[in-house]
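Visitor: So the protein sequences, as listed, match chains H and A. Going left to right, the first sequence walks through residues 1 to 881 as my numbering numbers them. Going left to right, the second sequence walks through residues 1 to 433 as my numbering numbers them.
Since the hints were derived computationally from the structure, they do not count as laboratory data. No experiment lies behind these values; they were computed from the predicted model shown. Heads up, the beta-carbon is just placed ideally off N, CA and C, and yes, glycines get one too. A hint or two may mislead.
To be verified - If you want the footprint, here are the derived chain H segments under chain A, 3+ residues with CB under 8 Å: (1) 763 to 775; (2) 783 to 791; (3) 803 to 812.
Said to hold, decoys possible - Here are some chain A residues the structure puts well away from chain H; computed CB gaps all over 12 Å: (4) D55; (5) T59; (6) P114; (7) A123; (8) D129; (9) G209; (10) G332; (11) S382.
Here are the chains, one letter per residue:
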Amino acid sequence: MSEPTQNRPETEHPIRSTCPYCGVGCGVLLSPDGAGELQVKGDPDHPANFGRLCSKGLALGETVDLEDRLLAPRIHGTEASWDSALSLVAEKFKTAIAEHGPDSVAFYVSGQLLTEDYYVANKLMKGFIGSANIDTNSRLCMASTVAGHKRAFGTDTVPGTYEDLEKADLVVLVGSNLAWCHPVLYQRLARARKDRGTRVVVVDPRRTASCDIADLHLALNPGTDVALFNGLLAHLADQGALDQAYIAAHTDGFEEALAAARADDPGATGLDPQDIAAFYVLFTGTEKTVTIFSQGVNQSSAGADKVNAILNCHLATGRIGRPGLGPLSVTGQPNAMGGRETGGLANMLAAHLDLENPAHRDRVKAFWNAPDLAERPGLKAVDLFKAARAGRIKALWIACTNPVVSLPETGEVAEALKTCDFVVVSDMYAETDTARLADVLLPATGWGEKDGTVTNSDRTISRQRAALPAPGKARHDWAIYAEVGRRMGWGDAFDFKTHADVFREHAALSRHAGALGRDFDISALEELSDAEYAALPPRRWPLTDAREGGRFFADGGFYTPSGRANLLPVTYRPPLSKRAPRYPFRLNTGRLRDQWHTMTRTAKSARLSRHLAEPFLQIHPEDAADLGLAPADLALVESPSGTAILRVLISSDVPRGTPFAPMHWTGETAPAARIGAVIAAHVDPVSGQPESKASVVAIRKFDAAWYGFAVSLTRPVPEAEYWARVRSDTGWRVELAGQDTPRDWAQFAARLFGRTDGAQIFSDPATGRMRFGFTCDGRLEAALFIAPEPVAVARDYIARQIGQPSPDALAARAGAAAPDPGPTLCACMNVGRNTILGAIETHGTDLDTICTKTTAGTNCGSCRSEVADLITAFSRREAAE
Amino acid sequence: MKNITIIGAGMAAGRLVEHLTEAGGWNITLFNAEPRGTYNRIMLSPVLAGEKNYDDIVTHDAAFYETHGVTCRFGEQVTGIDVAAKTVTGERGKVPHDKLVIATGSTPFIIPLPGHDLSGVIAYRDLEDTEQMMALGAGDRAVVIGGGLLGLEAAAGMLARGVDVTVVHLMGHLMERQLDEAAGYLLRKELVGRGLKVLCSAASKEILGADGHVTALRLEDGTELPCDLLVMAVGIRPATALATEAGIATGRGITVDDHMVTSDPDVLAIGECIEHDGQLFGLVAPLYDQAKIAAATLAGNRATFHQRETATKLKVTGIDLFSAGDFAEGDGRENILFRDPARGVYKRLVLKDGKLIGAVLYGDTGDGGWFHKLIKDGADISEMRDTLIFGPTFQGGPALDPMAAVAASPADADICGCNGMTSSTSTTFKAAA
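Using the sequences plus the hints, can you model the full thing?
Guide: What follows is the structure, encoded as structure tokens:
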């Protein structure tokens, strides 16, 4: 069999593409240098970002190297041809289906797959294998919003657009740290606020960076959003602020919803009644209100109810579908929306059609000419892996995601993969925690090499374009699925030659969806020529002969059978994980500014690893005091399902009893800090989305006998109970700690770095400090610093000494001749904290001046709030003196 | 004008002469057994190594004595002191004085081995000894008994002249009074690398000779080391004979009080010949202090001599070696070590009660002076303990933050909120063996 033709990278520079991180979907301009390097700039013409990029997007060029890439198929760890690997996959799936039925196989895919990939995978599973066992990591991210949208609107429709942020008078951020998770939207909002005084309310248990522009921060008790918005609905009713005409003309269920709302007590939020009142008054009096919601709403056992509680308020005030107002879900993945549009969730069909609707099924079955279209919803993510753990899934194919890290109860997920007879993983990287458990590994192309489309959070379809050739034998995911489809006997159905073929079929199917009265209709694109597809500019759907883009539901027109929206009677339910004396804390989780998901991509960038380079537990000072935790200690976080070891970061940004931990670290980066291990597999009963932000945990000090910090030119291989490894500009840096003290530190150091040569040694046995340096031709190649307490050394300075003639590197700080810029605060411009402090002393406390003088915050701007914090802290200190 | 006689023109005496001539009022007579005035004896090793000339190291020349009216009795042995009559008798006659200063220095110790009186068996003390060594060259062989500071300088100096030199050292490692074993090892490795032969733990038994001249050294184990010159550098003894004969109190050295006055109120003593508070002196810094105190005493002022820590630096070109203070192991003493095998650097600091009490540096001695000052000052070094061994360049920086990895800027952190952790040393910790 001949290898299918790979798409050739574009040759005209710069190449317009789309950033692969969050759901904002920023346009990027890519200029490959022809030697594998890629220059990345914001696309000034893209409607999502108009040229802006955040730190992650800017660093994309640093993540496209081929280190750790999977470059050829492997069967049980041995390199194999595509032919034998795909034959094996096809045969194993066919055998499982023949012996155990279609529901004995499953696909678990990703919001990072392109629409074309998703379309083919979904078609293969639902149309031809005949099961709906295809779910996606979007389940962890968006499922509650999908469910909430569908319950209210009849479809999973985002009614508004990003421009509404600039036209609103009030923006309410619910469970959204927009500043870190969707930085470009945050920048747009911050600019609008500066220009026109937009009021901003943040609803989040934690004080996040987004609170910097907030007029009001409502630090409510975790999971009590429903009570807050029920109270709002009742308040709106009491104030006569409802849009009775809209309610009457376009909605059902208002009375029941209001009755349920009135029965709820906003007191559950634990907020100061005056703050609640201030928010209600603000909302009530501001017609142009946008409510942005994200993971704080979705990742909950009441996620769908939270969504509906928010939607209720917008529907009852008719604040939907008009400029400057409406609910706006922001997604975490670049193509969560595309996945939803293609039906890549176990309870969806395709093109926003319903799996349970026989008319929909018939239409799709006919369109695909599918023999055995699935008739009932498949297994959702958590249930899918539980089924695998129980031995009911015989063949499982995971694409482009790392569930062994990202799902709750990761230990069980790993067991599930070990239990399952046949596990296929298609991914860019061979060394993910998931890939290590695969029977067959298939090398997939990644961002920068792939070609296709993605849909962002405001329905804008943008092209991702290839700027780099596919490395090794890597293939595009859609092509892999199509080839397996052909090998399983469905040659005609999967006879796609190019990604454009796939897209046209997807667009053609959406015409049927439109005809069935659904929202997702991009039929205007079904006849695109290859050239038109190649040149496709960003377009917001719907895209029909009659209509393009715009907003939904200003005048009703919902996609329910009645055409009316449903207000849902929802009632506050506390999280499923119950606090108990044994587990007195509720663990909040989330993203960091400069990392994304399980770091397989972002961890390649030294620049991105500078900001918060270690997994941590952000904990309230009084909780820390009760637990005897000091800054930089390690904490052992224990839940009924597992444990994690995290660095203690004491901060009053989190409320008492509700510490926060970032979610990104993996077996590759910090195996003891995988937060998924402590998250209970509780899910929302409607959406199946895990309750990732409300697990109950016990916390105690991890009594380390020693702490370590290491830098190295080559990748160190730590052996310690705790370690966290990230990239640095000069190689790698590692934090370590252990309870058992190695007998021979010199040997430990040699093993850590794989060295056999003699080391520079510093030892102060009375204080337990040991330091080792390894040089080559006088240049430092590795160094290890051990102390019996958290290691106090100038980390960034030491990392910079790698590759330098640095005879005194073990002094662990800059000598008088070289000032230490301190830990990096601005990742884009590489400005250290000490540099900024120096500038404050010299130039005063004006934020803009400091930023100009130091260049900190002059690029993506996301560190400006941290610069402001430093200025505040400095002013406090000055005042105290 | 009062008469003062000074016996000896070594470095202590030279400094005293300067003080006295500056103060004025003294009629000075200066005896010296060597036929010359004061020169910098410490610099004999560079002269031996051919790096300096004798003229370079003279500190007081004939013109100086002439200008200041000093009566010079150079090359003349003093034969007796009459403390009651207040006279000093030299080979060329008697000199009366109001005040007498004994600065007779020290005598090299000559091990009374059979053959020690053969010609070609010398000490390393003065210019004459140096000139004998300088007379050797390629093809000649020398043995140095004593691997201490002086012995190694002599050996290295001859080695530099192409002489085949063997050092015979009784102790287990070189310079054991200044160096610990590790630094002694590095030094030996370096010297051997330069072509020196070094035998440690080697006891000398007999000096062999022919025609009255040394031909070899025989060791206890029977080894014979043929040589044309044998240098003994095994220590010095204070030269107390004159004082003892004069009835002045002596112990190991001439006993002086805090003002450099001997048991006779009109006789003072300074330099290597004295014993103060049970201590003898072999390094130049305290000698200069003594000269200064003696000058004050003679002027009728009350000044007190305080012993202080002294530092040692081996003057062998290309070998950086420094030691100061006390670096023996002991209760309550803590070591900080730094080794860099690639650069041949070894540093050891000895701490007690939060203070630096000893330092041994090998290969990189640039910070020796700074350590020496810390030892002398008894400074509290707890705050800089982590970087102490790396020298003054690394002190006084901003407090380091163990949170740096995660806390680039925790929103409510103080600017240096975590420095309380950096100085904690009380944690129990099982250090590696």
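Visitor: If a hint holds in the structure, say so; if it does not, say that too.
Guide: Hints, one by one, checked against the model:
1. 763 to 775: Since 10 is at least three, the answer is holds.
2. 783 to 791: holds (count 4)
3. 803 to 812: Coverage by chain A holds for the segment 803 to 812 of chain H (5 residues, Cβ < 8 Å).
4. D55: Given a closest Cβ separation of 38 Å, the condition holds.
5. T59: 36 Å, holds
6. P114: Holds: least Cβ distance 46 Å, greater than 12 Å.
7. A123: Per Cβ check, A:A123 is outside 12 Å of chain H; nearest 40 Å; holds.
8. D129: 39 Å, holds
9. G209: 46 Å, holds
10. G332: At about 10 Å from chain H, A:G332 fails to clear the 12 Å cut-off, so the statement is violated.
11. S382: 10 Å, violated
The structure fails hints 10, 11 (numbered hints given earlier, in ascending order).
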